[in-house]
Amino acid sequence: MADSRAPAASAATDRATSPMQKVSVALLINGARTQLQIAPWTTLLDALRDRLHLTGTKKGCDHGQCGACTVLLNGRPINACLTLAVMHDGVEITTVEGLAHDGSLHPVQQAFIDHDAFQCGYCTSGQICSAVGLIREGRARTRDEIRETMSGNICRCGAYPNIVAAIEEAMKAT
Amino acid sequence: MNNFQYSRAQDVADAVRQSAADSSARFIAGGTNLVDLMKYDVERPARLIDISHLPLRAVEETPDGGLRIGALVPNSDLAWHPRVKDRYPLLSSAILAGASTQLRNMASTGGNLLQRTRCLYFYDVATSCNKRKPGTGCSAIGGINRINAILGTSDACIATHPSDMSVALTALDATVHATGPHGARTIPMTDFHRLPGDMPERDTNLGADEIVTAVELPAHGFRSNYTYLKIRDRLSYAFALVSVAVALEIDDGTIRQARLALGGVAHKPWRDPEAEAALIGQPIAQDTFARAAHIILRDAKGYGHNDFKIDLARRSIMRALNQAAQGTPQSQSDKRIA
Ligand SMILES: Cc1cc2nc3c(=O)[nH]c(=O)nc-3n(C[C@H](O)[C@H](O)[C@H](O)COP(=O)(O)OP(=O)(O)OC[C@H]3O[C@@H](n4cnc5c(N)ncnc54)[C@H](O)[C@@H]3O)c2cc1C
Ligand code: SF4
Ligand code: FES
Ligand code: FES
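Protein sequences, first through last, are from chains Y and S.
Using the numbering used here, read the first sequence as starting at 1 and increasing by one per residue.
Using the numbering used here, read the second sequence as starting at 1 and increasing by one per residue.
Worth flagging that the hints you see were computed from the coordinates, not collected in a lab.
Hints are supplied without guarantee of correctness; some may be wrong.
[As the list claims (entries may be wrong)] Reference excerpt, derived from the structure (chain S facing chain Y, CB under 8 angstroms, subset only):
id : residue
1  : Gly31
2  : Val35
3  : Lys39
4  : His220
5  : Ser236
6  : Asp334
[What the hints assert, rightly or not] Quick look at which bits of chain Y chain S covers, simulated, 3 or more residues with Cβ under 8 angstroms:
id : stretch
7  : 29-35
8  : 54-64
9  : 73-80
10 : 93-99
11 : 115-124
12 : 145-151
Virtual Cβ for every residue (Gly too), placed ideally from N, Cα, C.
From just these sequences and the hints, can you work out the full model?
Following this line, the structure appears as structure tokens:
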């Protein structure tokens with residue numbers, strides 16, 4: 001998705017834009033606020049990767065069918081490929097880059113390493129964000145419930161058994 | 001995705017005004033269907049009216065004991081809402097049978113009702129499709145139609161409506177609240193979606209400039225004897241081939257009230273008053289169930305690849321009626337079919 005080359009929009013931006021105008025949006029990513037001039041048709045996923053260079057979040061299908069693009073919106077997992085960046089002015093977004101604190105990995109990240117919960121790693125950042133959301137919600141308890149809650153994250157390498165084991169351990173640790 | 005103008009609606013009246021001023025505008029709520037369709041060039045709106053910030057997020061008790069659900073309540077919040085889980089578990093179950101955690105977190109109540117068909121040809125702009133481009137023909141008739149409809153079809157379109165939530169809302173006799181240029185009105189769920197007829201481009205009876213503001217559930221929630229049984233190609237994160245919502249009121253072994261709604265088989269959630277009448281006043285018995293299944297499927301018609309759906313629907317109805325009658329609703333996490 002190419003950005004438009006049109007001049008930046010003025011103050012009334014979120015009321016209306018002409019077709020080639022960019023919109024001003026303040027994205028609150030991993031605790032840092034960034035003001036962007038952005039074409040309204042830019043997905044949150046493309047804004048993260050192409051504008052903010054946060055490439056930890058992956059583009060798999062770009063159609064909501066794989067979960068590689070999962071990020072946390074106010075702590076809840078969503079597909080960044082099916083939402084527009086302009087719609088999230090000032091909303092707290094956490095990507096995989098925002099999970100580690102003070103140089104130590106998030107317990108879910110550590111559990112994924114300990115349990116060898118990936119092969120190629122392409123789905124992993126999405127899996128981890130979903131798992132963090134799952135633990136925060138605290139609804140899934142059994143293996144069946146973990147699997148069902150995580151079903152929006154496809155792993156083409158088939159690392160599922162280890163992913164479930166990693167989540168079970170991280171759940172106990174948190 | 002095409003370039004478009006983006007604006008935020010300030011309130012419901014403003015949303016309606018903006019929509020009426022631009023016939024190619026679309027409302028965007030969760031965006032999980034609209035953005036997807038825009039990426040395929042199926043939808044090319046000149047303007048997106050962002051309604052996601054409107055204050056339509058409440059789940060409130062109504063004076064007559066029902067529940068009023070704001071159009072922007074996310075699917076996940078609705079499914080896990082204590083009142084819904086407790087009093088309308090059929091609705092909760094149907095929502096949790098659909099899509100994925102991520103999608104349900106974004107998807108709105110209104111958007112779920114108004115999501116469009118998953119017919120393969122509707123998505124493929126290189127093919128003919130009367131729903132996408134009226135008058136071009138229907139590629140699914142005589143084409144790959146494994147997921148298409150077996151009931152209420154027309155020569156113009158054999159698409160299904162893909163929503164799970166809508167099947168439960170239809171079974172529960174919910175009503176949709178809408179506001180348009182001429183004011184507010186309510187539409188029963190049973191009349192909200194329509195059959196394709198010779199106007200398959202219209203999915204629903206909602207007016208072009210109308211916005212859904214809420215969905216209302218009546219007081220009776222069928223909390224004891226219900227099930228939502230969804231049959232699909234994989235156990236999660238897949239659309240229904242056939243789904244069955246059942247809600248029964250049973251008194252001393254006799255069925256007093258019955259609701260039976262099918263998903264994945266028609267252009268709208270499918271209910272049949274005669275099939276429900278055949279259950280009412282009857283004992284819980286296999287031949288009672290078989291009669292109801294026979295009636296609701298009596299006009300079913302396959303188109304080749306989807307012929308299997310007729311038998312699948314019949315068996316699923318039998319299974320679902322038994323689950324509901326026994327008070328053992330289908331679990332949406334333990335996938336074994338009880
Ligand atoms: C991979 C995948 C799998 C899925 N699986 C399932 C499944 O198994 N079962 C299922 O039921 N669904 C499934 N879905 C569909 C999902 O439930 C819908 O995309 C979602 O409910 C749409 O809600 P939304 O708020 O995102 O709608 P949007 O995309 O924002 O809008 C959809 C349409 O509704 C209109 N609209 C939205 N809100 C209003 C309103 N208040 N008034 C008037 N018009 C409005 C929009 O203009 C648009 O035309 C799946 C989706 C994906 C991508
Ligand atoms: S069934 Fe309907 S949606 Fe599918 S190709 Fe035919 S007209 Fe289009
Ligand atoms: S890239 Fe978003 S779900 Fe696949
Ligand atoms: S580790 Fe390769 S896709 Fe999951």
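Can you name, in rising order, the numbers of the hints this structure does not satisfy? 4, 7, 10 and 11
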